Amino acid sequence: MTSTIDRRRLLGTVLIATFIGQFDFFVVNVAAPGIQTSLGAGNTALELVVAGYAFMYAAGLVTGGRLGDLLGRRRVFIAGLTAFAVTSALCGPAPNAGVLIACRVMQGLSAAVMLPQALAFINTVVAPERRGWAMGWFGVASGVGSIAGQGLGGLPRAGEPLGPRVAARLPGERAHHADRHHRVPPLSAFCVVAG
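Here the sequence shown stands for residues 0 to 194, where the numbers follow numbering that gives the first Met the number 0.
Worth flagging that the hints you see were computed from the coordinates, not collected in a lab. Nothing here was measured: the structure is a model prediction, and the numbers come from that model. Any given hint might turn out to be false.
Label-pair distances were calculated between CB atoms; the ranges are [unchecked claim]:
hint, residue 1, residue 2, range
1, 36, 136, 16 to 26 Å
2, 43, 135, 35 to 45 Å
3, 12, 39, 22 to 32 Å
4, 41, 132, 43 to 53 Å
5, 8, 143, 30 to 40 Å
6, 32, 127, 43 to 53 Å
7, 42, 126, 48 to 58 Å
8, 129, 95, 25 to 35 Å
9, 12, 142, 10 to 20 Å
The beta-carbon is built from N, C-alpha and C at its ideal position, and this holds for glycine as well.
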C-alpha cells in the first residue's frame with residue numbers, strides 16, 4: 000500500500016514532469032529568432048526545431064501510454080524522464096541546427112513516453128474522491144508550464160555563452176496487468192502517427 004507521503008511525493012513528481020514537458024514544448028517558440036541567429040539556421044531548420052518536438056510528442060503519446068501498461072508505469076516514467084533530461088542537456092550546447100533538431104525530436108519522444116504515465120499515476124494512485132483535485136493540479140501544471148515556456152523563452156540572449164539554445168536546457172506504482180505480455184500493436188502505432 001502506498002503511504003500518504005509517498006502519494007504526495009509521486010503527485011509532486013508527476014506535476015513537475017508535466018510542467019517541464021509543457022515548458023519545453025513552448026520555450027523554443029519565443030527563443031526561435033535568437034536560435035536562428037546563434038546557429039545560422041534557415042527558416043526550414045528553425046521550423047524543424049519547433050515542430051520536431053511537437054510532432055514526436057503528439058505521435059508518441061498513445062504508444063508511450065501503452066508502454067506504461069506493458070512494462071510498468073514507474074519504469075517507463077523513469078526511462079522517459081531520464082531520456083528527457085539527457086536530451087535537454089544536449090540541446091543547449093548543440094553546435095548546429097541539425098544536432099539541435101535531432102535533440103528536440105528525441106526530447107519530444109521522451110516527453111511522449113514520460114507524460115502519459117503522469118495521468119496514469121493520478122488515475123491509479125490517487126484515491127477516487129481526490130482524483131478531481133489531482134487532475135485540477137495536473138491542468139494547472141500543464142497550463143503554467145505552457146505560459147512559463149512562452150514567457151521565459153526570450154530571456155536567454157545571443158550574447159550569452161550558450162546563446163538562446165539554453166532555452167532548451169535541463170528543466171532540473173507499478174501496475175499489475177494481465178495483458179503485459181502483449182506487445183504494442185505496430186499497425187495501431189503507425190495509424191496514430193500517419194493519422
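Going down the list of hints, with the structure as the test:
1. At about 38 Å, the CB distance of residue 36 to residue 136 disagrees with the hint of 16 to 26 Å.
2. Against the hinted window of 35 to 45 Å, the Cβ-Cβ separation of residue 43 and residue 135 comes to about 40 Å, which satisfies the hint.
3. Restraint check, residue 12 to residue 39: a C-beta distance of roughly 39 Å breaks the suggested window 22 to 32 Å.
4. Distance hint check for residue 41 and residue 132: the Cβ-Cβ separation is about 47 Å, which falls inside the suggested range of 43 to 53 Å.
5. About 20 Å separates the C-beta atoms of residue 8 and residue 143, a value inconsistent with the hinted range of 30 to 40 Å.
6. For the hinted restraint 43 to 53 Å between residue 32 and residue 127, the CB-CB distance of approximately 47 Å keeps it satisfied.
7. For residue 42 paired with residue 126, a C-beta distance near 50 Å keeps the hint of 48 to 58 Å intact.
8. The hinted window of 25 to 35 Å between residue 129 and residue 95 is violated, with their beta carbons roughly 48 Å apart.
9. Between residue 12 and residue 142 the CB atoms are about 18 Å apart, so this pair conforms to the stated range of 10 to 20 Å.
When the structure is compared with the earlier hints, violations turn up for hints 1, 3, 5, 8 and for no others.
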